[in-house]
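Assemble chain B with the ligands onto chain A, guided by the hints.
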Amino acid sequence: MPKGLVIVDKERCKGCGLCIEACPFGVLDFSSEYNASGYRVVHMAHPEKCTGCAVCANVCPDVALEIYREESSVRGAA
Amino acid sequence: MSVEVAVPKGYTRVFSKPRALSDAGFTYCPGCHHGIITRLVAEAIDELGILERTVGIAPVGCAVFLDRFFNCDFVQAAHGRACAVATGIKRARPDLVVFTYQGDGDLAAIGTAETVHAANRGENITVIFVNNGIYGMTGGEMAPTTLPGQRTTTTPAGREPRLHGYPLKISEMLAQLDGPAYITRQAVFDHPHIVKAKRAILKAFRNQLDGKGFSLVEILSTCPTNWRMSPAEAGRWVAEEVTEVFPLGDLKDVG
Ligand SMILES: Cc1ncc(C[n+]2csc(CCOP(=O)(O)OP(=O)(O)O)c2C)c(N)n1
Ligand code: SF4
Ligand code: SF4
Ligand code: SF4
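Which chain is which? The protein sequence lines are A and B, in order. Under the numbering used here, the first sequence has 46 at position 46, and the numbering climbs by one with no breaks. Under the numbering used here, the second sequence has 156 at position 156, and the numbering climbs by one with no breaks.
Calculated from the structure, these hints are not laboratory results. Heads up, some of the hints might be wrong.
[Unchecked claim] Away from chain A, derived, C-beta distances all over 10 Å, residues of chain B:
(1) Arg39
(2) Leu96
(3) Asp190
(4) Ile194
[Unchecked claim] No farther apart than 30 Å at their CA atoms in a straight line, the calculated lysine-lysine pairs in the DSSO-like style are these:
(5) Lys196/B / Lys3/A
(6) Lys49/A / Lys203/B
(7) Lys3/A / Lys9/B
(8) Lys49/A / Lys169/B
(9) Lys17/B / Lys10/A
(10) Lys10/A / Lys196/B
(11) Lys17/B / Lys169/B
(12) Lys10/A / Lys9/B
(13) Lys196/B / Lys49/A
(14) Lys17/B / Lys3/A
Don't be surprised by glycine CBs; every beta carbon is placed ideally from N, CA and C.
The following block holds chain A by itself, in its conformation from the complex:
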């Protein structure tokens, strides 16, 4: 089970790519999907590498990302 999980609000995402560039582990990339506004949305291209660090969500200008962390790793970090 990956340590982190990113859920993309596809209608909020504007495909700016800032999260892709900011992720330290190369987890994110553009998907082949376009949203109702015509933006190409991101997805987890390599979900197994995600640590749930939330750097991507912090740089996202459209509050399109929700981050989840695997419970044992949250306790470990606290």
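Quick look at chain B with the ligands alone, frame taken from chain A:
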């Protein structure tokens, strides 16, 4: 629009949209740093637990629709007059938390007088100053904060200081006054700077709660659309070029 996502089994939610934001999507262009700054303000309101007694003053500019994005009360001021409107509300209702959110065209051009005098009076308000060096909403004209040599629609050959003036360092000017409690310049072009900017915004709100007086957080922002850059290029341009003219850090802090 946005739907409540069920927490996946075995996971804990560690980041989600602040409560102070509504479900309305931002109207900013893709990759514009306005969106990061708007969210940081909402996070600060959440963390201080002041949503029910906060009033924002929206500017004229790309942030004109802030009232749609936030779940607190908002007044949309005439261009540049946000600090004057904030002064009135705060003096009439000192129990409210009052902040302005203004671009550089709004705060440092047409609204210079209102800004300077509110700061000089030491009004107990919080000012979020989004400096992207250009008039974003109207199509990319030169602002007082435009860098020397920077091309805009009104300086197609680049800003020539002897003809168009030098970049106006409004935060440095305000820091010379006796009135303000806190003047700082921050940026949001990467994760560490976003974390720092958030801390500064929190402090600017806390100062108001503690009755310390006028607190202004200038945040260097981007306008990828009118700078004609990709969002990533625009961020790098702030980091490499804009910070040379507008250095980051605290300019005044009475503690
Ligand atoms: C009294 C008045 N003068 C001029 C305008 C046109 N106008 C709208 S937005 C704007 C400048 C916005 O630039 P800035 O404050 O830097 O905000 P940004 O859009 O870049 O976020 C101007 C001049 C106006 N709406 N009202
Ligand atoms: S949470 Fe961290 S590791 Fe996971 S995608 Fe976002 S930036 Fe990458
Ligand atoms: S930073 Fe946000 S808006 Fe931009 S591509 Fe990533 S999720 Fe989409
Ligand atoms: S015009 Fe510029 S400042 Fe305005 S939303 Fe678009 S990118 Fe941002």
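Hint check, failures only: Violated hints (numbers, rising): 1, 3, 4, 6, 8 and 11; every other hint is consistent with the structure.
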